[in-house]
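Novice: With the hints as constraints, model all of the structure from the sequences given.
Protein chains: 2
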Amino acid sequence: MKLVRPTLLLDEVKCKKNIRHFAEKARKAQVKLRPHFKTHQSHMVGQWFRNEGISCCTVSSVQMAAYFAADGWDDITVAFPLNYLEVEEINRLAKVCKLTLCIVSVDALKKLTEKLTQSVNCQIEVDTGYHRTGVDARNFPLIDEIISFISNHPLLTFSGFLTHAGQSYATRSLTEILKVHTDSVALMKIAGDRYRSKFPKLELSIGDTPTCSVATDFSGIDEMRPGNFVFYDLMQRVSGVCTSEQIAIAMACPVVAIYPERNEVVVHGGGVHFSKDFLKMEDGTICFGELVKLTSLGWEQPVRPVYVKSLSQEHGILAVPDPEIQEIKIGDVLGILPVHACLTADAMGEYFTLTSTGSV
Amino acid sequence: MKLVRPTLLLDEVKCKKNIRHFAEKARKAQVKLRPHFKTHQSHMVGQWFRNEGISCCTVSSVQMAAYFAADGWDDITVAFPLNYLEVEEINRLAKVCKLTLCIVSVDALKKLTEKLTQSVNCQIEVDTGYHRTGVDARNFPLIDEIISFISNHPLLTFSGFLTHAGQSYATRSLTEILKVHTDSVALMKIAGDRYRSKFPKLELSIGDTPTCSVATDFSGIDEMRPGNFVFYDLMQRVSGVCTSEQIAIAMACPVVAIYPERNEVVVHGGGVHFSKDFLKMEDGTICFGELVKLTSLGWEQPVRPVYVKSLSQEHGILAVPDPEIQEIKIGDVLGILPVHACLTADAMGEYFTLTSTGSV
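Top to bottom, those sequences are chains A and B.
So the first sequence is numbered by this note's numbering: it starts at 1 and just counts up by one.
So the second sequence is numbered by this note's numbering: it starts at 1 and just counts up by one.
Quick caveat, the hints were computed from the structure, so don't treat them as lab data.
All of these numbers come straight from a predicted model, not from anything done at the bench.
Ideal placement from N, C-alpha and C gives every residue a C-beta, glycine not left out.
Honestly, I wouldn't trust all of these hints.
Distance condition first, Cα-Cα at most 25 Å in a straight line; then the derived DSS-like pairs of lysine-lysine [what the hints assert, rightly or not]:
id	chain 1	residue 1	chain 2	residue 2
1	A	Lys280	B	Lys280
2	A	Lys110	B	Lys329
3	A	Lys309	B	Lys309
4	B	Lys111	A	Lys293
Pair ranges (Cβ atoms, derived) [as the list claims (entries may be wrong)]:
id	chain 1	residue 1	chain 2	residue 2	range
5	B	Lys95	A	Glu88	45 to 55 Å
6	A	Pro323	B	Asp217	58 to 68 Å
7	B	Lys179	A	Asp71	34 to 44 Å
8	A	Asp183	B	Leu142	51 to 61 Å
9	B	Met281	A	Met44	36 to 46 Å
10	A	Arg262	B	Lys115	25 to 35 Å
11	B	Asn263	A	Gly129	15 to 25 Å
12	B	Lys95	A	Pro323	37 to 47 Å
13	A	Glu327	B	Asn263	49 to 59 Å
14	B	Ala70	A	Asn263	34 to 44 Å
Some, not all, of what chain B presents toward chain A, calculated at C-beta under 7 Å [as the list claims (entries may be wrong)]:
id	residue
15	Ser60
16	Pro81
17	Val104
18	Asp107
19	Lys111
20	Pro254
21	Val256
22	His268
23	Gly271
24	Ser275
25	Asp277
26	Glu314
27	Ile330
28	Leu343
Specialist: Quick look at the structure:
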């Protein structure tokens, strides 16, 4: 395949290894793996999960649920607070698959049921410290109220609790990540224990890649929903969650200008390709991506790190020291590891695998 | 039209007014308007420019040039440093339209001409202070070398100089913007004067929305290439370049959760919809978007500003004070003005006008 413009490369071997590793980890821990497909949004990558025996998935929107239902996924959790305005699409989907909705309020449920025609599962999202969405995990009066509404409606089934301990993404050490895991699981268990006698089938589901990657003890937990691990990225590597070798996607970007006098190399590859999440590295450097050397087999780490220092709509500017900058020529195609794989994959919309010439 | 999920609304009246205003401004200043279409990337919006007598455009990639050439645009400047790897697409395009390439080095031109089969115009990008790309405007030996290469090749025509004074985006006052304009135009004129005797038809082209919006004196300049003005956005408003009333796009985002205890409202609308550019407001607040009230006619400014304080992949979190938060209900659809219209429009990929039910 000839790379002539910004192209998202997918290392199939690394990606399948990440999938297999998590499938095995979940099997060993006797936890159901319900991978979050918002990271890859690809039928083909979904198939790679099927090949490892995974038969259910998580998505972040009703539209994304429809995309995967169209490929035969029939057990889907929409891990985003119920948007009852989409009730028509929800009815269509719930006809063809086991659909689990994420509930954070009674109001949305009341509105939903005015037009709901199909049975759906309701999982209550509890907030275990991230404070983005969800019912406070200790707010039992509110949880009681929601469960009571669900129990009294013939089309709704209470299926348990889910949480997203997203505070784990802001950590910079494995110790911090493990603490997030322990605290968050403890709160989930309290909620589970409180309602299990009445709802013996209720499930507890946890969700972020950092804790699911790092933790080994999942006792008391029924399900995990990590997503990012399928590709990993610089954000995960900086937190110690993965190694560079596990990062399964890289952008290929042609060099269009070189400015040795200010140690800058300009590539075609900007905010519309990478999206604009960035990292502050330990030395204070701002990083929008990290250089790798593309080879016939994929990519290799350089001897010392080189970062993308800024992005505009189509331009990426790399800070390249001497003597490395002397080795780069106009028209070279550089590999760049993304800061946040989910957003880069969404922005690009397609992948090219190293072994094929087509997109997935 | 029923708004049930994140939707990008386009106020046709405001947008057409922005286009007309600039078309008139350019006519009065006797400067050719070659609008940058990277902001809207839409055939329909392009047609609105045609209706105002505009017959040439600027794009930021060869792919985007192909998109507009397919709609009949036959005079296109690719204002991004030449990527010679795309020579095949360049040959195809240059067959059907007058194509102007942006040149920052001899190396790229040499490589291009190895496979070039069609005539193309070459405009040298000069750096007038932004230091992103371009030849230093005072580096005459390098400019001489590039012009000499162009002049000696039968398929290349030297057509002048272009600059993008992008440092204007980092300003916060009209005085600063005007200074950028004056300094940058002065450097352009020196370059123009130096080569005009030999190339009497050479054109000087300037490009950023802030200076083109604010300046009134364009004497000595032949062409302007602003793009963002077609929609404007919060970044431009904060710099004093536009008013809220001129911002022509807003995201419509359904409310999915409300947390009065921390004055937060969560909408469906995240980084994959807005992209992730943000502003630091004067009081230090981080802003990823600003609330407006959607009405049957478009949107209205609230009494006091309310900002999107953070974005994750699909979630937007608004910081809503009392008593405003009491007026918001789950299922309300909120309007949000984007920080950076170009990236939001690119992320969404389609618009819904206020007067139609279709996308453009």
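Novice: Please go over all the hints and tell whether each is borne out by the structure.
Specialist: Hint check results:
1. Restraint check: the Cα-Cα separation between A:Lys280 and B:Lys280 comes to about 17 Å, which is no more than 25 Å; the hinted pair holds.
2. For the proposed pair A:Lys110 and B:Lys329, the alpha carbon gap of about 13 Å is at most 25 Å, so the pair holds.
3. Simply put, A:Lys309 and B:Lys309 have alpha-carbon atoms about 24 Å apart, close enough for the 25 Å limit, and the pair holds.
4. Among the hinted pairs, B:Lys111 with A:Lys293 is consistent with the structure: their alpha-carbon atoms are about 22 Å apart, no more than 25 Å.
5. Between B:Lys95 and A:Glu88 the Cβ separation comes to about 47 Å, which falls inside the hinted range of 45 to 55 Å.
6. At about 46 Å, the beta-carbon gap between A:Pro323 and B:Asp217 misses the expected band of 58 to 68 Å.
7. The hint said 34 to 44 Å for the Cβ distance between B:Lys179 and A:Asp71, and at roughly 56 Å that hint is violated.
8. Evaluation of the 51 to 61 Å hint for A:Asp183 and B:Leu142 yields a pass: the beta carbon distance comes to about 60 Å.
9. Roughly 43 Å separates the CB atoms of B:Met281 and A:Met44, a value that falls within the hinted 36 to 46 Å.
10. Taking the beta carbon of each, A:Arg262 and B:Lys115 are about 31 Å apart, inside 25 to 35 Å as hinted.
11. The supplied range of 15 to 25 Å is met by B:Asn263 and A:Gly129, whose beta-carbon atoms lie about 19 Å from each other.
12. Between B:Lys95 and A:Pro323 the beta carbons are some 42 Å apart, a value that agrees with the proposed interval 37 to 47 Å.
13. For the pair A:Glu327 and B:Asn263, the beta carbons lie near 53 Å from each other, so the given range of 49 to 59 Å is met.
14. The beta-carbon spacing between B:Ala70 and A:Asn263, approximately 40 Å, falls within the hinted interval of 34 to 44 Å.
15. Interface hint status for B:Ser60: upheld, as the beta-carbon distance to the closest one in chain A is roughly 5 Å, under 7 Å.
16. This hint holds: B:Pro81 has a C-beta 4 Å from the nearest C-beta of chain A, less than the 7 Å allowed.
17. Against a cut-off of 7 Å between C-beta atoms, the interface hint on B:Val104 holds, since the closest Cβ of chain A lies about 5 Å away.
18. Annotation: B:Asp107 was flagged as interfacial toward chain A, and the flag holds, the nearest CB pair being 5 Å apart, inside 7 Å.
19. Checking B:Lys111 against chain A: minimum C-beta separation of about 6 Å stays under 7 Å; hint holds.
20. Given hint, B:Pro254 at the interface with chain A, holds; its Cβ is 5 Å from that chain's nearest Cβ, closer than 7 Å.
21. A cut of 7 Å between beta carbons decides the hint on B:Val256: the least distance to chain A is about 4 Å, and the hint holds.
22. Taken as an interface hint, B:His268 checks out: its beta carbon lies about 5 Å from the nearest beta carbon of chain A, inside 7 Å.
23. With a cut of 7 Å, the hint placing B:Gly271 at the interface with chain A holds, because the nearest CB-to-CB distance is about 5 Å.
24. Nearest Cβ of chain A to the Cβ of B:Ser275: about 6 Å, under the 7 Å cut. The hint holds.
25. A cut of 7 Å between beta carbons decides the hint on B:Asp277: the least distance to chain A is about 6 Å, and the hint holds.
26. The beta carbon of B:Glu314 is positioned within 7 Å of a beta carbon in chain A (closest approach about 5 Å), and the interface hint is therefore held.
27. At a threshold of 7 Å, the smallest CB-CB gap from B:Ile330 to chain A is about 4 Å, leaving the interface hint in force.
28. This hint holds: B:Leu343 has a C-beta 5 Å from the nearest C-beta of chain A, less than the 7 Å allowed.
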